[in-house]
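Protein sequence lines, in the order shown, are assigned to chains A and B. The letter at position 131 of the first sequence is residue 131 when you use the numbering used here, and the numbering goes up by one with no holes. The letter at position 151 of the second sequence is residue 1151 when you use the numbering used here, and the numbering goes up by one with no holes.
Certain hints may be false.
Said to hold, decoys possible - For each label pair, taking beta carbons as the anchor points, the in silico distance ranges come out as: (1) A:Asp4 x B:Lys1133: 23 to 33 Å; (2) A:Arg247 x B:Ile1058: 47 to 57 Å; (3) B:Ile1141 x A:Cys3: 19 to 29 Å.
These aren't lab readings, by the way, just hints derived from the structure by calculation. Computed from a prediction, not measured in an experiment: that's the story for all the values here. Idealized CB from N, CA, C, for every residue including glycine.
Chain by chain, the residues:
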Amino acid sequence: MTCDEMEALLGPALDGELDAAHLAELDRHVAGCPACTAARERLDALRRSVRGASYHRLPAQGRAAIMAQLATAAGPDLRPSSSPPRRTLQRRGALAASLALALGLSSGAGFLAGRRSGGDAMESVLAAHVRGLQPGHAIDVVSADGHTVKPWFDGKVDFSPPVKDLGDAGFALIGGRLDYVDRHVAAVIVYRRRQHQIDLFVWPEASAGAATATIDGYHSRSWSQDGFSFWAVSDLNESELDEFVRRWRAA
Amino acid sequence: MLPHLDAGYNLARWLCRDSDLAQDIVQEATLRAFRFFASHRGGDARPWYLRIVRNTFISGHARDGSGTVILMSVLEGEDGGSLLEQVASPDDDPETALARLQDRGMMDRLIERLPVDYREVIVLRELEELSYKEIAEVAQIPIGTVMSRLARARRQLIAWAREPQAAVEARRDL
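Throw the hints in and build the complete structure from the sequences for me.
Take a look at the structure:
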């Protein structure tokens, strides 16, 4: 292929959209072609610059306005009336269910209270969890000993994450790693039950709300405790994950 | 769609380039999404929601702050040509040219200067990190068009980056 044809592949290669055969061919070509090497470097540099551009986050008052609007939208059907006809009752149930779905929650209850941007954090934490499941990425320090895992974080993060041994409860501590989620550097304490890995993400944050979410078969629980925000994520079933959280909080 | 409010706002803000207007767009789009949620047939909700945000912008808010209608536009011929033709002078390595853009304000201005349909694919790809398929879904264009717009937008940004002064002047001409 010619340089022009190769150049057209540089973008898709950068974007991870190129199939393996073309990617191999491109790599071979670029390795021996200074012009294409320079073009690829320009694209790489551009990406770094563009990804440094502003990510505009919804201001708090905009978020509040949307919440209020959604509550109003759901309002007329949710408002109690003296003798609701059967149809209204059914509609009410359907609306509540669709609201819960629309909000992306496994349980619609209580979202309006303090679940600010939990979804973003959840997606970020989930992505980090899945990334951590890839071979070679799971654990930076392998140890079943909390006295080894906890000091490992010293000097790597500017806080000291609580590390608890839940071996007696059937949740084996297997190690820890660092990750970056939702714009926080997080300490990740890794546990295992049977073949399921449980990642516990920890970062200092005074008052994050509690949240429950399920995405793509992964369950998560988040809570605040002792000045830290915690996210437990696993493909373990929900009741055992709840048990993990309960044991951890009580330990 | 609540987990995606920031993504919706980010897209709206980049499309309309105005904070207040972007909040209006997201608010309207979120209400629409809520009402149409029954039409969401599974899959990832984010592209689906971003598509509603994008359509809300196009249908009702495709105006900039001065009230001028922003039409879907073509990037005129001056997009810097092929990446291969952007031959670096010996003392101007790509890092140097693009390092000038490490200043976030400068990069923001260059992206804002792109015609809106090119800006859209760049923002969806680089800031939302959507796949080509997802971008095609949001912008309702074929994947081939996603690729060609991305390529042209990138060439244009590199060309501007290498001549920041020319870029500033180009801005005045718009």
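Now for the hints, and whether the structure bears them out:
no.: 1; hint: A:Asp4 x B:Lys1133: 23 to 33 Å; result: holds (26 Å)
no.: 2; hint: A:Arg247 x B:Ile1058: 47 to 57 Å; result: holds (51 Å)
no.: 3; hint: B:Ile1141 x A:Cys3: 19 to 29 Å; result: holds (27 Å)
The structure shown violates none of the earlier numbered hints.
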